[in-house]
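Between the sequences and the hints, there should be enough to build the whole structure, so can you do that?
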Amino acid sequence: MVTKRKIKKILIANRGEIAVRVIRACRDLGIKAVAVFSDPDRAALHVRRADEAYHLGPASPKESYLNVEKLLAAAKASGADAIHPGYGFLSENADFARRVTEAGLIFIGPDPEIIVKMGSKIGARQIAEAAGVPVVPGIKHALKDADEALEVAKKIGFPVLLKAAAGGGGKGMRSVREEKDLKSAFQMAQNEAISSFKDDAVYVEKLVEGPHHIEVQILGDKHGNVVHLFERECSVQRRHQKVIEESPSPFITPETRKGVCDMAVKLAKAVGYYNAGTIECLVDHQQNYYFLEMNTRLQVEHPITEMVTGIDLVKAQIRIAEGEPLGFKQEDIQQRGHAVECRVYAEDPFHNFMPAPGMVIDMQYPLGPGIRLDNGIYQGFQVPMDYDPILAKLVAYGENREEAIQRMQRALSEYRVSGPKTNLYFHRRALEIPDFVQGRYDTHFIDKHMKTILQVSHEDTQKALMAAALAKHLEENKTRPPATAGGVQDASQWRLTGRKTSLRG
Amino acid sequence: MVTKRKIKKILIANRGEIAVRVIRACRDLGIKAVAVFSDPDRAALHVRRADEAYHLGPASPKESYLNVEKLLAAAKASGADAIHPGYGFLSENADFARRVTEAGLIFIGPDPEIIVKMGSKIGARQIAEAAGVPVVPGIKHALKDADEALEVAKKIGFPVLLKAAAGGGGKGMRSVREEKDLKSAFQMAQNEAISSFKDDAVYVEKLVEGPHHIEVQILGDKHGNVVHLFERECSVQRRHQKVIEESPSPFITPETRKGVCDMAVKLAKAVGYYNAGTIECLVDHQQNYYFLEMNTRLQVEHPITEMVTGIDLVKAQIRIAEGEPLGFKQEDIQQRGHAVECRVYAEDPFHNFMPAPGMVIDMQYPLGPGIRLDNGIYQGFQVPMDYDPILAKLVAYGENREEAIQRMQRALSEYRVSGPKTNLYFHRRALEIPDFVQGRYDTHFIDKHMKTILQVSHEDTQKALMAAALAKHLEENKTRPPATAGGVQDASQWRLTGRKTSLRG
Amino acid sequence: MSRVYTVLFEEKEHQVEVKSVGGLYEVTLDGVTRSFSPLLAKGSLYSFLIDGSEVMEADVIFRQDNCELNLRNVPYRLEVFDPRRRAVSQSEAAGGHGLITAPMPGKIVDVRVAVGEKVEKGQALVVIEAMKMQNELAAAIDGVVKEISAKVGEAVESGQKLLLVEKED
Amino acid sequence: MSRVYTVLFEEKEHQVEVKSVGGLYEVTLDGVTRSFSPLLAKGSLYSFLIDGSEVMEADVIFRQDNCELNLRNVPYRLEVFDPRRRAVSQSEAAGGHGLITAPMPGKIVDVRVAVGEKVEKGQALVVIEAMKMQNELAAAIDGVVKEISAKVGEAVESGQKLLLVEKED
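As they're listed, the protein sequences go chains A, B, C and D. Using this note's numbering, the letters of the first sequence map in sequence onto residues -16 to 488. Using this note's numbering, the letters of the second sequence map in sequence onto residues -16 to 488. Using this note's numbering, the letters of the third sequence map in sequence onto residues 20 to 188. Using this note's numbering, the letters of the fourth sequence map in sequence onto residues 20 to 188.
Derived by calculation from the structure, the hints in this document are not laboratory data. We put the CB at the ideal spot given by N, CA and C, even for glycine. Errors might be hidden in some of the hints.
Straight line, CA to CA, 30 Å or less: simulated DSS-like cross-link-like pairs of lysine-lysine [said to hold, decoys possible]: (1) Lys151(D) with Lys123(A); (2) Lys137(C) with Lys163(B); (3) Lys31(D) with Lys431(A); (4) Lys166(B) with Lys126(C).
Covered by chain D, per the in silico footprint, the following chain B stretches (three or more residues, Cβ under 8 Å) [stated by the list, open to error]: (5) 21 to 30; (6) 33 to 47; (7) 361 to 371.
Pulled a few chain D residues facing chain A out of the computed Cβ check, cut under 10 Å [as the list claims (entries may be wrong)]: (8) Val23; (9) Thr25; (10) Val35; (11) Ser39; (12) Phe55; (13) Gly62; (14) Asp78; (15) Pro124; (16) Lys126.
The following block contains the structure:
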């Protein structure tokens, strides 16, 4: 018998846009939302949007968002009866899940044992192989050190891929094409693995060239029901980090769709999985698919699935955690229309995508038909240097792929962030590349088109230089309107600098 | 034979949020958008979002947005090949439609003759009666003066409703319960009719008590195809102005739905209508329905229909104007899920809903799953006193009515406008009223619940007074952090005024 | 450090004590004390943590002692002042309830009374138009029209003095 | 009134003439002249009407002559100055291309060279970490390390001087 327990208050052990996303699901369900924050996040949007907020400690994740003791203390102080881990941080940490449960709280995620089994890329590979699902050639255990990595890589044959066992979001992942680069790549992968996941286990597998990255969203409840919510195409990646995702995939055939979706449900059922989860696959150009890993948590790109299926995944997670049955069957779920997501990062595409934390000076929101923005910043917020560079997820929905892309392009033309550099221009250009427009791309897409993507028209550059000189001229001649009270400038003063060209009828 | 003609550039003869809405449709279709603006609108959002912008003249609508000569001159100067009228202003002015066509441009709307026939409330009543459709008792011609109004009103019997023949949006509409109030009401209705529609025709009909205001969205093309996109429930009104709309209606039965939808298609076909259009009906508690009027233009509340049917109405308007066939049949259109719209007005609910133009000091956008905001303002914009008080349309979509309302409530809790007073609090409270939550309301809803809606909790008031005293204290003691360059305040300086309550694990 | 402020709201005066305690502020009104941790998040927007953890945001804009506070989109028009420094509130000094000012920017379309005329509470005296809506401004007290500054056809700013009614003795 | 400004962009100097003509501005670059009607819409955001009707927006932030301009989310790092007032650009005065500064706020996690060491263009000298990503900062010229101010473990601000390479004579 599954015990049912209504959740009244949820502590969100995360920050930024995903914490805001979870808070929204809480609001929709009439559940109180408790935020936690580190020093630089006192004024973060997730704090401002919560019902209650608790301070954790200094900026360092170890002393704040990764600190289990402090998180449990905040949960206790707030009287929360459940914890949602978001993604990243402790979301796939079985020890955390166990500690939450031991404290008498509901962990909004799978059983800790399942995290151990499936949360580790290595463990999941073993289970998948046992279930007869095809996996990418590689080793099934963590590497001792760089020397072992080199030894195994030579055996499999270059190119190879180093991967953090606890990984996600491209962190702790390095592809290595030549022997000489392996040792330093191993070091960097391990360092990132520690700082991102508190787990230094790194393994190696054969690098499948030019594949599609397809993943299947599943939902399982505590009563043994598992459904899939179809696939997401996540092949637009840079440094193994997803940048643009869409659903449905423009590449896979109906047969492949059925194949990967059935495989996902089969695997999830095999381990008695409950919660939202994702089965990631590589699909090659011949539509062969390989199981890659399972993510036992919510995924950054979950909104595109929500938009094409109409199901709110965070609300579903919460209901599952309460012990409720799913309430719908596989045949109730349909893909309707098309959705695209662009991940908005604080990084400078023109300078090797360097991270770009800093103060948000101004922001223009993309709005209107078909647009959803899951945002974590606001004008005046100091984007900290201590955490992931994701600022927001921009999602566009349309009746079909063409409309979804058109709307995304429109939203990108409206969206503007001043202060931190962002990859918004990168997105706009990437979506214009004919290979993308026609849906013919694989994981090499960005490398292949990077030069074209980063081109800036000569005309725009000319206008930029002209505008800069003019602005300088206006400032020097004090024709800039003065700031009014509250730091807001008076747009109605345009007559100072603008001439009207009246039309005579 | 219908001639087809691709549109490359559209001039939008409107302002504010609807102009921005049309610009978005243009962007999606790869069509250039031309804005026009009056003096106070140089920095308006619709200008900032356009590809090109032309100045019309002073603030007064007669000298700007209602000035046909200047609009045509701007269209000519820009090389636009079509004009979209939005709603309000010249959108139902047959003379304007004719002049546009005579200038060799495409008018994105119906044939001018149809505007004459159906655009006038009086004419439409006559056509409807001829087609055997039930109408509300009243007269079929414009009133000469207040004396005739009184005479007719006595004949029909009080209460009566005075209505501008060219009306819409509650403008030029007054309900009169007693003889003594009729003359001044007639005067005000006529004044508003002139200033809003350049047309002083006012007529009178019997006031149907406590009805539901149901309207049916239709789309017709130039090839004779007409489909309906189901109904909208628009019974939440104040002073005959719609405030909250939803689709589907929680009130009408499937039979009534079929009845009003069939009637709408029948009427539209009878007059050879093309373009988007709306058939408005009154439905009484016994589910009897009466034809009220037809709007031969886009409707403010069109987004809720877009959300439940997935069809972009503005794009459909443009394609129809190009001579394209609809491209879908009645059976392709389904209501899926539920959508609610709140009209956000610059008005002060606590002071008799007085208009509240002025500078937008700050704004917090409602975002996230299921939320669409069609917005016309931004922080720093001076909302002019010269035009309609509508600032934005907030729309929430959900799998079902409950989810749509929950999401709307969440969006309202995020949405904040500082500067102009708004009716956002009014919306939040209205959606909490059990009659609304249960879908049991008619056009008397607001009057019935106004007191409850405008109640503010004692606790909130206490906190407001406390916060005001504290803010005063901080300002006097200069503990307020100073503004940084660019007028932005540094949120990271919170340590100056905030104490951290660190948790120890 | 502790200080008492007078907050005038809807014609009633409230005494609010503000006490700084170790970086936090204890604020007392009508015997209820709450602790506030304030942060100016942006512009005029305060983010408060109340009693340790409750999140509350309010936009607070001062023009001298006049305060416009926006809490959950409820606009509060307040006056906040140090009672030691001022005895009479501004609105009373300015003519009490007999003064009619423009509630928003707009255009005067009608003035329905003349100086010296007797008026009743609730009687419409001036009609102002803004955003295509006409609004009647009514007398708040019985009395006699003392002064009219509103002119038909004239554009007025928010807060501009339009008409003054005086109580009869 | 007309004035010529020097705009330094990607190590190239451009001469831009700005001429005020009846409330409009005629701006000339490389023989192309466009008319600009500028309006400061909010904060540092300019809304321009170019050549009468074309709408363009750009965020323009100055710190003295250093200019960050954001046009359609393309960030331009420029220097804009009056050539009569200054002959040498700031970045050249500060050490030309041999100077390595922090491109963003972050933490120094590695310094791979010592003072006096010969380095080649493209060689990674310093590793900085921000937002959980490690980034190698490389030499822009061949030369010798003259000065190191970066310390491993230290947090640095954007623009902070980390290391100086000098060309060998």
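A quick look at each hint next to the structure:
Between Lys151(D) and Lys123(A), the direct Cα distance comes to roughly 27 Å. Compliance with the 30 Å bound is thereby established for this hinted pair. Note on Lys137(C) and Lys163(B): the hinted pairing holds, with a Cα-Cα distance of about 22 Å set against a maximum of 30 Å. Between Lys31(D) and Lys431(A), the direct Cα distance comes to roughly 29 Å. Compliance with the 30 Å bound is thereby established for this hinted pair. Under the criterion of a C-alpha separation no larger than 30 Å, the hint pairing Lys166(B) with Lys126(C) is consistent with the structure, at around 23 Å.
With a threshold of 8 Å between beta carbons, the proposed coverage of the region 21 to 30 of chain B by chain D holds, since 3 of its residues qualify and at least three are required. Under the rule that three or more residues need a Cβ within less than 8 Å of chain D, the assignment of the region 33 to 47 of chain B holds, with 5 such residues. Against chain D, the region 361 to 371 of chain B contributes 4 residues with a C-beta closer than 8 Å to a partner C-beta. That satisfies the three-residue criterion, and the hint holds. Among the interface hints, the one on Val23(D) holds; its C-beta lies about 9 Å from the nearest C-beta in chain A, closer than the 10 Å criterion.
Hint status for Thr25(D): holds, given a least beta-carbon distance of 9 Å to chain A, under 10 Å. A least Cβ separation of about 4 Å between Val35(D) and chain A falls short of the 10 Å threshold, and the interface hint therefore holds. Annotation: Ser39(D) was flagged as interfacial toward chain A, and the flag holds, the nearest CB pair being 8 Å apart, inside 10 Å. The beta carbon of Phe55(D) comes within 6 Å of a beta carbon in chain A, closer than 10 Å, and the hint placing it at the interface holds.
The beta carbon of Gly62(D) comes within 5 Å of a beta carbon in chain A, closer than 10 Å, and the hint placing it at the interface holds. Contact between Asp78(D) and chain A, as hinted, is supported at the beta carbon level, the nearest pair being about 4 Å apart and thus within 10 Å. Proximity of Pro124(D) to chain A holds as hinted, the smallest CB-CB distance being about 5 Å (cut-off 10 Å). Contact between Lys126(D) and chain A, as hinted, is supported at the beta carbon level, the nearest pair being about 8 Å apart and thus within 10 Å.
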